[in-house]
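**Student:** These are the residues of each chain, in order.
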Amino acid sequence: MLEEKIQITNKLGLHARPAAMLVSTASKFKSEIFAIKDGIEVNCKSIMGIMMLAAETGSWITLKIDGPDEQQALETIIQMFKENFGEK
Amino acid sequence: MQSRTKDSITVEDFYKDRQDLFELTLFTSGSGLKNRIENNQVHRPGLALAGFTERFAHKRSQILGETELTYLLNLESKRRMEVLRLLFSLNVPVVFITKGNPPPEELLITAEESNTPVLGTRLSTPGFTYRYSAYLDSIFAPRITVHGTLVDVYGVGLLYMGKSGVGKSECALDLVERGHRLVADDVVLITRKAPEVIIGAGIEVTGHHMEVRGIGIIDIEKLFGIRAIRLQKRIEVLVRLEIWDTEFEYDRLGIDEQFATILGIELPQITIPVSPGKNITVISEVIAMNHMLKVYGHNPALEFSKRLSEDLKRKDRTLSYLESDTE
Chain A
1 MLEEKIQITN
11 KLGLHARPAA
21 MLVSTASKFK
31 SEIFAIKDGI
41 EVNCKSIMGI
51 MMLAAETGSW
61 ITLKIDGPDE
71 QQALETIIQM
81 FKENFGEK
Chain B
1 MQSRTKDSIT
11 VEDFYKDRQD
21 LFELTLFTSG
31 SGLKNRIENN
41 QVHRPGLALA
51 GFTERFAHKR
61 SQILGETELT
71 YLLNLESKRR
81 MEVLRLLFSL
91 NVPVVFITKG
101 NPPPEELLIT
111 AEESNTPVLG
121 TRLSTPGFTY
131 RYSAYLDSIF
141 APRITVHGTL
151 VDVYGVGLLY
161 MGKSGVGKSE
171 CALDLVERGH
181 RLVADDVVLI
191 TRKAPEVIIG
201 AGIEVTGHHM
211 EVRGIGIIDI
221 EKLFGIRAIR
231 LQKRIEVLVR
241 LEIWDTEFEY
251 DRLGIDEQFA
261 TILGIELPQI
271 TIPVSPGKNI
281 TVISEVIAMN
291 HMLKVYGHNP
301 ALEFSKRLSE
311 DLKRKDRTLS
321 YLESDTE
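Chains as they are written, first to last, in my numbering: chain A, 1 to 88; chain B, 1 to 327.
I should point out that these hints are in silico values taken from the structure, not numbers from a laboratory. Treat the hints loosely; a few may be bogus.
Claimed, not checked - Examples of chain A residues lying across from chain B (beta carbon under 7 Å, computed):
#1 M1
#2 L2
#3 E41
#4 N43
#5 K45
#6 A54
#7 S59
#8 L63
#9 G67
#10 I78
#11 M80
Cβ atoms here follow ideal geometry from the backbone N, Cα and C, with glycine treated the same way.
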């Protein structure tokens, strides 16, 4: 199981579109992928869960990935965060 | 599952939260408002005021009712000062004065010395104790969030769990359409309210929204009306949805019940294999009704098995009678 803390850097935070991007990317992997913020753990493959985190810019979330393709999943997701989901 | 249990709150948190409801007044300057209340127990310091401090309940909220105040006022001012200093030296997070009584002057002086806040309430001592304990109970209640869907089916709280995409939300949608009520979809906040009771609720941000693959986000309350939703519900049965696994042995009898543990409470758990075209809605209704039957004292699986055994015994008796009958 891999765990990694990551900061949200795009200006608008994790709003609907980046959330959808995150969910569709996470769903491509076999691993179980969870995001934790303020003690709430949600499944990264569920859009409602991700949006419910209401993660604003500058806030931190913890990714928890467990499964056969965990390493690849972690790298891909971190890359998405680093690229600010194609936003500013 | 992620734990969200709180282990303390500040006196200030409580004061801000319940100022109007408990009709609270702050008598001290507020220097001790950052004191932490660390447990849900309250204490009336009668014996401590009389000078007996062995086995004193430290770190508990102290309540001064009419009895304690009358006792204090009967003391001479110097002695009053002494016993109150003694009380405040015992690591007290907060002191309450009930029934709208004014605090004695010495109480305020000694409270300020030790940076302990003194709050007054207009409620009676039993009334305040009851409501304050209930408030602290709800604050300190163990809680976790789980990935699942909670639906009230015929008054039974069914918590659906299973991998993303297995059809939890679709099942809930179907149930709502048939007149059952959605409590929470996707993230369920579970709180242990009593030793044997866990309550599930949604998280405020989502309200009663739900995502259905292919449609997107829908609002259950707007679509189906107020009858389709519920704010919280006791969780009684855990329904695990799984993609049909030909290797796995699913329960065929229901005599040996399975259990899962959430927050230390055992819940009956039912594993339902999912496959295309399988109607989980009707199965869910049956799960709920069957649970009610068991609560009312009927266990269909056990009763059927008993009937079968009796039948076999009877047949055996008839057979042995006929065999021994050489007529």
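**Student:** Does each hint fit the structure? Answer for all of them.
**Tutor:** Hints, verified against the model:
no. : hint : in the structure
1   : M1   : 14 Å, violated
2   : L2   : 17 Å, violated
3   : E41  : 3 Å, holds
4   : N43  : 4 Å, holds
5   : K45  : 4 Å, holds
6   : A54  : 6 Å, holds
7   : S59  : 14 Å, violated
8   : L63  : 13 Å, violated
9   : G67  : 11 Å, violated
10  : I78  : 20 Å, violated
11  : M80  : 18 Å, violated
Figure legend: structure checked against the earlier numbered hints; hints not met, in rising order: 1, 2, 7, 8, 9, 10 and 11.
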